[in-house]
Amino acid sequence: AQKITQTQPGMFVQEKEAVTLDCTYDTSDPSYGLFWYKQPSSGEMIFLIYQGSYDQQNATEGRYSLNFQKARKSANLVISASQLGDSAMYFCAMREVSNTGKLIFGQGTTLQVKP
Amino acid sequence: DTEVTQTPKHLVMGMTNKKSLKCEQHMGHRAMYWYKQKAKKPPELMFVYSYEKLSINESVPSRFSPECPNSSLLNLHLHALQPEDSALYLCASSQGTSGSGETQYFGPGTRLLVL
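If you read the sequences in order, they're chains A and B.
In this text, residue positions in the first sequence follow my numbering: the first is 1, and each later residue adds one.
In this text, residue positions in the second sequence follow my numbering: the first is 1001, and each later residue adds one.
For reference, chain A alone in the conformation it holds in the complex (with noise of 0.2 Å):
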């Protein structure tokens, strides 16, 4: 079973508008960490947020945020006045305690930002 669901392959935002790119995961520790990482035409994955399983409070990080729904098991990534450099693909990932050292990977979200 897919621990990792991304159930976006694409996405069109308007610039300056909000997006959400959806995440849902699937796991029995209850110690674990959700990330979401950014991956340019480039190639080099970008860290962007990282949410905790026993953290209270939602992860921010500038114009990102982490919509954290532990009992729903989805961590939505929010982004806020989209620029055109947000076009690349997003990757939601999990880290759990019992995995040492994997970081599980979803299929990742295409977003295209348009003028």
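For the record, the hints were derived by calculation from the structure and aren't laboratory data.
In this text, all values refer to a predicted model and were calculated from it rather than measured experimentally.
Virtual Cβ for every residue (Gly too), placed ideally from N, Cα, C.
Misleading hints may appear alongside valid ones.
[Claimed, not checked] Here are the simulated distance ranges between beta carbons: (1) A:42 / B:1063: 35 to 41 Å; (2) A:17 / B:1073: 39 to 45 Å; (3) A:20 / B:1053: 38 to 44 Å; (4) B:1084 / A:42: 20 to 26 Å; (5) B:1070 / A:67: 15 to 21 Å; (6) B:1062 / A:61: 28 to 34 Å; (7) A:31 / B:1051: 20 to 26 Å; (8) B:1007 / A:114: 43 to 49 Å; (9) B:1115 / A:56: 52 to 58 Å.
[Unchecked claim] Calculated lysine-lysine pairs in the DSSO-like style (CA-CA distance at most 27 Å, straight line): (10) A:102 / B:1022; (11) B:1019 / B:1009; (12) B:1041 / A:3; (13) A:3 / A:70; (14) B:1040 / B:1009; (15) A:102 / B:1036; (16) A:114 / B:1040; (17) A:16 / B:1040; (18) B:1009 / B:1022; (19) A:73 / B:1019; (20) B:1018 / A:73; (21) B:1009 / B:1041; (22) B:1053 / A:114; (23) B:1038 / A:102; (24) A:73 / B:1040; (25) A:3 / B:1040; (26) B:1018 / B:1053.
Got chain A; can you put chain B on it based on the hints?
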């Protein structure tokens, strides 16, 4: 500073060649990783080194041989590769491997083409 460097950026090799990929980080991280990524797919973990010792080998064919000469350097030696090994090879590092919150920082990758 969260920089991981990789050389070369691009590599073309024949099936009988021997080549090496190099990865370097100066963040004091004690865990380093090699991933393989095909186009429009998530990265696939290949190897994990923790404190300079190989801790995870994801059943990678022996034509890929990792090496960790010291805590800052990670090499991937390539020999007798197949055309299907053509991919983006990403290196990453993290503080350690013991926690669910260990963020992995990625390098820009090496684009490998096997002819």
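Tested hints:
no.: 1; hint: A:42 / B:1063: 35 to 41 Å; result: violated (27 Å)
no.: 2; hint: A:17 / B:1073: 39 to 45 Å; result: holds (44 Å)
no.: 3; hint: A:20 / B:1053: 38 to 44 Å; result: holds (41 Å)
no.: 4; hint: B:1084 / A:42: 20 to 26 Å; result: holds (23 Å)
no.: 5; hint: B:1070 / A:67: 15 to 21 Å; result: violated (41 Å)
no.: 6; hint: B:1062 / A:61: 28 to 34 Å; result: violated (41 Å)
no.: 7; hint: A:31 / B:1051: 20 to 26 Å; result: holds (22 Å)
no.: 8; hint: B:1007 / A:114: 43 to 49 Å; result: violated (36 Å)
no.: 9; hint: B:1115 / A:56: 52 to 58 Å; result: holds (54 Å)
no.: 10; hint: A:102 / B:1022; result: holds (21 Å)
no.: 11; hint: B:1019 / B:1009; result: holds (13 Å)
no.: 12; hint: B:1041 / A:3; result: holds (15 Å)
no.: 13; hint: A:3 / A:70; result: holds (14 Å)
no.: 14; hint: B:1040 / B:1009; result: holds (19 Å)
no.: 15; hint: A:102 / B:1036; result: holds (14 Å)
no.: 16; hint: A:114 / B:1040; result: holds (21 Å)
no.: 17; hint: A:16 / B:1040; result: holds (26 Å)
no.: 18; hint: B:1009 / B:1022; result: holds (10 Å)
no.: 19; hint: A:73 / B:1019; result: violated (43 Å)
no.: 20; hint: B:1018 / A:73; result: violated (45 Å)
no.: 21; hint: B:1009 / B:1041; result: holds (19 Å)
no.: 22; hint: B:1053 / A:114; result: violated (46 Å)
no.: 23; hint: B:1038 / A:102; result: holds (18 Å)
no.: 24; hint: A:73 / B:1040; result: holds (25 Å)
no.: 25; hint: A:3 / B:1040; result: holds (19 Å)
no.: 26; hint: B:1018 / B:1053; result: holds (23 Å)
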